[in-house]
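**Q** Line order of the protein sequences matches chains A and B. Position 437 of the first sequence, counting from 1, maps to 437 under the UniProt record's numbering, and the rest follow consecutively. Position 155 of the second sequence, counting from 1, maps to 155 under the UniProt record's numbering, and the rest follow consecutively.
Some hints here could point you the wrong way.
[Said to hold, decoys possible] The calculated lysine to aspartate or glutamate pairs, modelled on DMTMM-like cross-linking and capped at a C-alpha distance of 25 Å, are:
id: 1; chain 1: A; residue 1: Lys537; chain 2: B; residue 2: Asp33
id: 2; chain 1: A; residue 1: Lys479; chain 2: B; residue 2: Asp33
id: 3; chain 1: B; residue 1: Lys163; chain 2: A; residue 2: Glu458
id: 4; chain 1: A; residue 1: Lys584; chain 2: B; residue 2: Glu83
id: 5; chain 1: A; residue 1: Lys192; chain 2: A; residue 2: Asp211
[What the hints assert, rightly or not] Residues of chain A clear of chain B, computed beta-carbon distances all greater than 10 Å:
id: 6; residue: Tyr341
id: 7; residue: Val478
id: 8; residue: Ser531
Hints in this document: simulated from the structure, not taken from any laboratory. Where a beta carbon is used, it is the ideal one built from N, C-alpha and C, also for glycine.
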Amino acid sequence: MAHHHSESDDEDYSYDDDSESEQEEEEEEEPRSSRKKRGRSNPDHSVGSARGKKRKPSGSIFIEDDVIVDDDEVEDEDDVEDGFIEHGEADLGDEDVVGRRHRPFHEPAAFRSRVGAEEYLDFMQEKYSNPRAEYDDEDDYEDGEPTHVDQQALLPSVRDPKLWMVKCAIGREREVAVCLMQKAVDRGSDFKIRSVIALDHLQNFIYIEADMEAHVKEAIKGMRNIFANHKILLVPIREMADVLSVKSKTVELARDTWVRMKLGIYKGDLAQVVDVDDVRRRVTVKLIPRIDLQLLADKQEGSVIVKKKSFVPPPRFMNVDEARELHIRVERRRDRMTGDYFENIGGLLFKDGFLYKKVSTKSISTQNVTPTFDELERFKKSNENGEIDFVDMSTLFANRKKGHFMKGDEVIVVKGDLKNMKGWVEKVDEENVLIRSEMKGLNNPLAVNERELCKYFEPGNHVKVVSGTHKEATGMVVKVDQHVLFILTDTTKQHIRVFADHVVKSAEVTNGVTKMGEYELHDLVLLSNLSFGVIIKLDSEAIQVLKGIPGRTELAIVKHGEIKYKIDKRINVKDRNKNVITVKDVVRVTEGPSKGKQGPVMHIYKGVLFLHDRHNVEHAGFVCVKCSSCVLSGGSYSGADRIVDSFSRLGNSKSPAPVPPSPRRFQRADSGYNSGAGGRHWSGRGGGRGGHDLLVGAYVKVRLGPFKGYRGRIVEVKEKTVRLEHEAKIVTGKLNLPLHTHLVAAC
Amino acid sequence: MFFHIVLERNMQLHPRFFGQNLRENLVSNLVKDVEGTNSGRHGFVLAVTGIESIGKGLIRDGTCFVTFPVKYRCVVSKPFKGEVLEAVVTKVMQHGFFAEAGPLQLFVSNHEMEDCMEYQAGDMPNYTSSDGSVRIQKECEVLLKITAVSVVASEIFCLGSIKGEFLGLLNVRA
Chain A
1 MAHHHSESDD EDYSYDDDSE SEQEEEEEEE PRSSRKKRGR SNPDHSVGSA RGKKRKPSGS
61 IFIEDDVIVD DDEVEDEDDV EDGFIEHGEA DLGDEDVVGR RHRPFHEPAA FRSRVGAEEY
121 LDFMQEKYSN PRAEYDDEDD YEDGEPTHVD QQALLPSVRD PKLWMVKCAI GREREVAVCL
181 MQKAVDRGSD FKIRSVIALD HLQNFIYIEA DMEAHVKEAI KGMRNIFANH KILLVPIREM
241 ADVLSVKSKT VELARDTWVR MKLGIYKGDL AQVVDVDDVR RRVTVKLIPR IDLQLLADKQ
301 EGSVIVKKKS FVPPPRFMNV DEARELHIRV ERRRDRMTGD YFENIGGLLF KDGFLYKKVS
361 TKSISTQNVT PTFDELERFK KSNENGEIDF VDMSTLFANR KKGHFMKGDE VIVVKGDLKN
421 MKGWVEKVDE ENVLIRSEMK GLNNPLAVNE RELCKYFEPG NHVKVVSGTH KEATGMVVKV
481 DQHVLFILTD TTKQHIRVFA DHVVKSAEVT NGVTKMGEYE LHDLVLLSNL SFGVIIKLDS
541 EAIQVLKGIP GRTELAIVKH GEIKYKIDKR INVKDRNKNV ITVKDVVRVT EGPSKGKQGP
601 VMHIYKGVLF LHDRHNVEHA GFVCVKCSSC VLSGGSYSGA DRIVDSFSRL GNSKSPAPVP
661 PSPRRFQRAD SGYNSGAGGR HWSGRGGGRG GHDLLVGAYV KVRLGPFKGY RGRIVEVKEK
721 TVRLEHEAKI VTGKLNLPLH THLVAAC
Chain B
1 MFFHIVLERN MQLHPRFFGQ NLRENLVSNL VKDVEGTNSG RHGFVLAVTG IESIGKGLIR
61 DGTCFVTFPV KYRCVVSKPF KGEVLEAVVT KVMQHGFFAE AGPLQLFVSN HEMEDCMEYQ
121 AGDMPNYTSS DGSVRIQKEC EVLLKITAVS VVASEIFCLG SIKGEFLGLL NVRA
């Protein structure tokens, strides 16, 4: 036997011979069921047929019990089919239609004539009564959705009206189509053509759908814009469907939209749409004129030969009086459509200083037109009324990339009945945004069109700019002016103007990038030409470094590769009064151009100090001075100064002084904080100032002498010697303070 | 606005400081750590006035440090929206001026000033009213109202306004 059961039973083998025959069904239930189960568990057995109904007696040797299994499956299918049929009853009508349409293709003409009408009807009914049966086999057939096969069936055939290609005047295709339509309405049944197609991307031609060429010829008789003498071409059947294939997105043009010119001297200029003429595919736009009045005047006089314009005149509002002065003819015309007065100069129409120009739709770009502030301001200026309407601004965003609203954003409605209503974004859909408002009596959430919404911010919100020129800047909103926000940046404390669209609420405080590779903002680095400086600004392209040249501020903009390495040395220097200064000490500059500045020392290198003055807005507050031109002020980051600067976490690095000042204060709580402040002075490491007892307990490293390199804690301080408790042993060395000790931060 | 509140903090101490001065060491550490800082929630901690309690110390695994939970009383200062304060002008710029009220930095934009105030650049940039009677420049005291408080990563920054009755220049600091 060709077949093998994985669990073969002798009992079953005896049945095998009989199993293939059609009498299987009469056999006992039990063995059948067991076989069924086995059948199901051995799906790899080849099954002769997919459908139980069709049993091939010829290949019966190879057909297994699985066939029985199939029966059940088929039964299930029947049920399902029945179910289908019930559902599909409603659609039966459509299917009938579909079926009917297919009939002409499925049946040969001969068949129809051969069989009588009644028989033909019966045959049809039988064939099409159960439409689903036919399509069961087909893959991916779903309710209602036509398959590829269906669509193919809908393609035109020889019996359908044909498409004829007719030549017409350029730019008049739509006009011709409309005219023919009008003619059809007027003529009524006389008109034999079925339809007219005018395509945007195909110039000079239109398609006419008609049965015969003669119909077409008659229809176009008398049409001015059609070239009747030109040959009328027939479109092959195969290509007829391609005529109507849609390739590009439709361009939406509405009044007051902002667009940009693509061609001519106004290329790239911002323009506002004033009027749309769909038929002729032309729009009237409003521009800031670039007119060379002198040239115009000369031209009119006829004295100047018009040469190719080598330069483009700058945009300037047209002043009619100026033009008159130059003896250019100015006519005052009244436009029929709008009733406005226009000044006509040299064939161009002007109003309010703007140039109104009629251009074809092709020469303007509507996608992603983002007017900059300056351009908008210029448009604004000429308006006597002042501000551009809110609505105008919102059209700016009509053409933008969608989806700039996020869940949780606070928004305000700017158009429509719900204008000025505030809410929060709950969900963003394709077109609509669901917002939740606090107003009672409204359904929550409310669906609002994206175009009618605008992000809402209040002064004091902390925001981050996510797109535009000021990308990655964070700051606080200072003023809200409809769509425009004024933001005070965190780091540079500058005023920037951005669109509300470009910002999101955020708690981040960055100037953008703070870390680029290994270098962080405010790091001291060595540059390739052996100069050094502090990084004050990090960009994706370049890094701004304040050079370590005391006395004058020099900025260098370097590339990432020009930085050799980060300098991270711990050095001590002495100030004017021979006090030791280390990093984080507060110093005050006493001479030089930076005189009067005060702040903690951030870096020391080669006798040059970099201190950070909070009040200094430029260069991120960094000032570069020579160590000899400053004095150590008020101890090191003592309490009084610490309060002012938030990033002083000084004292931690030093081990606690043995005598804390605070208990003193507790005892004399009423004596005010001044004494406390005074007492606190010597709590830090004075490094030479204050008492020597200070050093006891300080963790130091020996710099010179036989014990160089030793680290330890100071146990006892005498006049000139210091007793160090080294990890290994106690060492007493004659250590001259502070020269010989190098204070190191405790672990 | 000032508050006198109880705060808690976990202080770490190295065993070398154990001994009879343990408590003092702990307290001095606390003071050094906390005074002069600000947290977004409580504002600027100005001064520690006393210790409420020091809990039992817990030795941290892996290191020798011991953590003590310390409760302490302190005076804090936190700005609120709508509060009126006096501040000293520190820097005058084209779009407004910066002022300081103790540890708090504020900014008053020129939109938040009376319309008659105009920026005048120069050696000593200032804001002068149109009739010349009021001149706000560096080191001047102004009375301003806080319009917005933003707490960003424990840095408190406020926006203020001098547009209103009784707000504005107080007197020139000598």
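**Q** Broken hints, numbered, in rising order?
**A** 1, 2, 4 and 7
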